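J.: If you want the building blocks of each chain, they are given just below.
Protein chains: 4
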Amino acid sequence: MSALRRKLYRIIFEADTPAGKGFDVALLVLIILSVTIVSLESVVALRREYLELFLRLEWSFTIIFTIEYFLRIYSTPRPIKYIFSFFGLVDLLAILPTYLSLFILGSQYLLVVRVLRLLRIARIFKLTRFINEGQVLTRALRASATKIAVFLGTVLLLVVIIGSLMYLIEGQESGYTSIPKSIYWTIVTLTTVGYGDIAPQTALGQFIASIVMIMGYGIIAVPTGIVTVEMSRSERLGVSHSRVCPNCHTEGHLAEANFCYNCGYSFEPLA
Amino acid sequence: MSALRRKLYRIIFEADTPAGKGFDVALLVLIILSVTIVSLESVVALRREYLELFLRLEWSFTIIFTIEYFLRIYSTPRPIKYIFSFFGLVDLLAILPTYLSLFILGSQYLLVVRVLRLLRIARIFKLTRFINEGQVLTRALRASATKIAVFLGTVLLLVVIIGSLMYLIEGQESGYTSIPKSIYWTIVTLTTVGYGDIAPQTALGQFIASIVMIMGYGIIAVPTGIVTVEMSRSERLGVSHSRVCPNCHTEGHLAEANFCYNCGYSFEPLA
Amino acid sequence: MSALRRKLYRIIFEADTPAGKGFDVALLVLIILSVTIVSLESVVALRREYLELFLRLEWSFTIIFTIEYFLRIYSTPRPIKYIFSFFGLVDLLAILPTYLSLFILGSQYLLVVRVLRLLRIARIFKLTRFINEGQVLTRALRASATKIAVFLGTVLLLVVIIGSLMYLIEGQESGYTSIPKSIYWTIVTLTTVGYGDIAPQTALGQFIASIVMIMGYGIIAVPTGIVTVEMSRSERLGVSHSRVCPNCHTEGHLAEANFCYNCGYSFEPLA
Amino acid sequence: MSALRRKLYRIIFEADTPAGKGFDVALLVLIILSVTIVSLESVVALRREYLELFLRLEWSFTIIFTIEYFLRIYSTPRPIKYIFSFFGLVDLLAILPTYLSLFILGSQYLLVVRVLRLLRIARIFKLTRFINEGQVLTRALRASATKIAVFLGTVLLLVVIIGSLMYLIEGQESGYTSIPKSIYWTIVTLTTVGYGDIAPQTALGQFIASIVMIMGYGIIAVPTGIVTVEMSRSERLGVSHSRVCPNCHTEGHLAEANFCYNCGYSFEPLA
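Protein chains in written order, with the numbering used here: chain H, -17 to 253; chain L, -17 to 253; chain R, -17 to 253; chain E, -17 to 253.
By construction, these hints were calculated from the structure, which means they are not laboratory data. Be aware that a few hints might be false.
[What the hints assert, rightly or not] Where chain H lies over chain E, by a calculated footprint (3+ residues, C-beta under 8 Å):
hint	region
1	153 to 161
2	171 to 182
3	191 to 205
Because the structure is a prediction, the values reported are computed rather than measured. Using N, Cα and C, we set each Cβ at its ideal position, and we do this for glycine too.
Sequences are here, hints too, so could you generate the full structure?
T.: Below you can see the structure in the form of structure tokens.
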């Protein structure tokens, strides 16, 4: 690997040097600008007025991202692996629609996929203390995944049963035109969103709707409780992070521990 | 009891053998498919187009479920008890409507009761580590049942009083046509669902509505607090239950612990 | 005080004898029935149909409650104090409207005040283990009252400022016809109720509305956190309730306490 | 500094004397009255009727606040620093619009900025035990700021991606006229506000909307969990801060404790 390629790699793929950090911040700004332009282009009034400006900016961003894409392929030691990685595909999809719009009319709308590049922001965050907080959050959510799955399963079952019931009770006139639509309404109500595009009209329907609302209002306590408890534990583990057994290097020892729970090594008492 | 019946019983009613587990998963898939078909059939556009396909699928599912039903009766050591059990009645109700639709027009709508069979999913979950999580959740909810009852009672009282008040203040023009409807509106508002089909028009009504909203916004903290505290305790009990040091009787050992953190005693590995 | 009056007092005012408990349950049923009748009477279709039945039931309930009212005055050792107590006034207000409706047309609507008598349910609850749960809840809420006041004050300040801002931005056309109405909209949005009777139309208004929504979504964590923490502490105190100093009878000792925090008495170590 | 100026300073800027406290309470009442008048003036019906009264009150408040403003400049030892401080600018902005309305028509609407003066309420709270509670809340929120930033960043990313997706799926007819508007709808749905001014019409759109709702319903558990855990820790720190046993250095003593629960040492009574 040449010195240039190694240097490029450190700047483009990593973010632990000032140049690498600067590159990432510049990329972040470009992505946000580019997504903003795509968003604004979708506003009819603006598109009519500034179409040419939008087109020019779109092509500028696309050319910059294309150069970046090929620099990435050039500098990475394993180009094939990069091209077929998640970010490699996103990087490709972020530039393709502009080129396609030369041949197929209206395909520039696919540029919205560029927003996925915003996920790269995560890498910049990795440099700062955000990583620890992110880990605590992720660990808490992963630990509570099973409980949340049980909870979600129960909710889905409820939603299907209540949705079917409301279809039979309310019928076509009130907007409950089919069971899937009734289920959609039940989700809208249970999650306390409440659009109001469909609302029960009969007394019985409103009674059942009331029960669904109170259930939805109470049920939210369950995921909150799950995540809070896990976060509290994850936090405690995160705090005792500094408590690493000097003999076997396991982590997560309780503050009051006198012995390593893994190898039985006797700890020095904490000052 | 013959060997065949015993073998069938283990496959159909239990789920601790590969065959039994496979049977349950197949049943799960069939129930979900069948419920999906009933749901789609309720969509007018689809019913007009694919009525024959729907009828054929409906009859196929019904015949499969009928065979399953009689196999259950045949294999269980206590058929009468099964027939009149909750799941026995659900299994019967899940096949009856299709047969009834031969005689009574429109009775196929009752097939939606088949969704109740989804409750069988719970049994498959019982096999996996979901059982522990489910138990922690259930224990937490049961322990907080009394507190939640006190909370719900207070909320209902509030809802009746505020609903009556809004009926007197807003009157017929704003959609508060009766006290039950006013109570319905109060529940819609207090649970922060907010359909908007009924909304206060007078200044006084909007003022009271604001208070109801802020109350509802704050009140949700109460069930959340209750469940979180109970879940935290249930969690602690769940964790510490299995791990007590046989030497010094301290609790709260991690599942992966090999040694007591207090006295350094070496644990037997968990089975 | 005669034996009859003392016996009546124990039945009517207390609930620790079988007769007293029965009286309270009967009263509870009557109040719920009476409130249900008043509610149903407000439904136009039902009033037209069953007016005579409603009137008869209304008079029956009123006569029963009147007898009960005078029995209460007769049996209580301090009649004046009862008459001017909160429940005394509620009991009087619960019977007056029916008598007034003989002279003033339409005054029977005031009967809705009868729902306040439902507060008596609380007394029946006092008999059961609900009292402990209620105390834990009340203690937790009272302890967090100051924090919740700070929180509510901040929210109200925000709501006034944002409401005024939205009035200037959106103006008359979008339904923000005055600052009070804009403040009402802000409360509707911040509490995630979202009726949709007023909704921002301009791009800037929708941008600010988005910020208000995300704020409201996040801010709810604050009262929840407050109540959970207080409830957790109240719970712990509730648990250590059994830990009473045998010397000075103070409560609330920590589980690990070796000495009474009030009188310094040395505790026996817990088994 | 003259004695008069020093005395004025203690009354106007501080709140630890009866006169200073009285001044702050009077100011609080005046600010609330003044903001109420500005709010009521924006109601068309009231403005038409009571325009003259409103104008008179407005001028009275403005003159009082002007006198207060100059007294503040006179009494403070560093007038320049006060004038350009946050509250100094707010105090100026709170009186300017009335004077401007003499020259520029309609500028009295800018008076709504006066609501910012309500922030002074915070200072009165500083005197009471609210300060401790406020500090516990602030510390908890500051400690969880990084976690909440990670959470908000993830939510914003999701909102942009889902908003773009819904724009492509639903299109112009359902009200999703542009990507920014689609993003606005996603925020309205994810935060469970649910106005209903825009709602999905296609089956696919309603399916994605359902997922967004359930996500929003579950995601709220994350900030709640973060704040609860931080508040719990902040609370523990807040409690133990003031009470450490001077003999054995154990923490967590109750505010009413007279003796150390660990070593029985007799505490000095708190001032």
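J.: Sort out which numbered hints this structure fails and list those numbers smallest first.
T.: Violated hints: none at all, because every hint is consistent with the structure.
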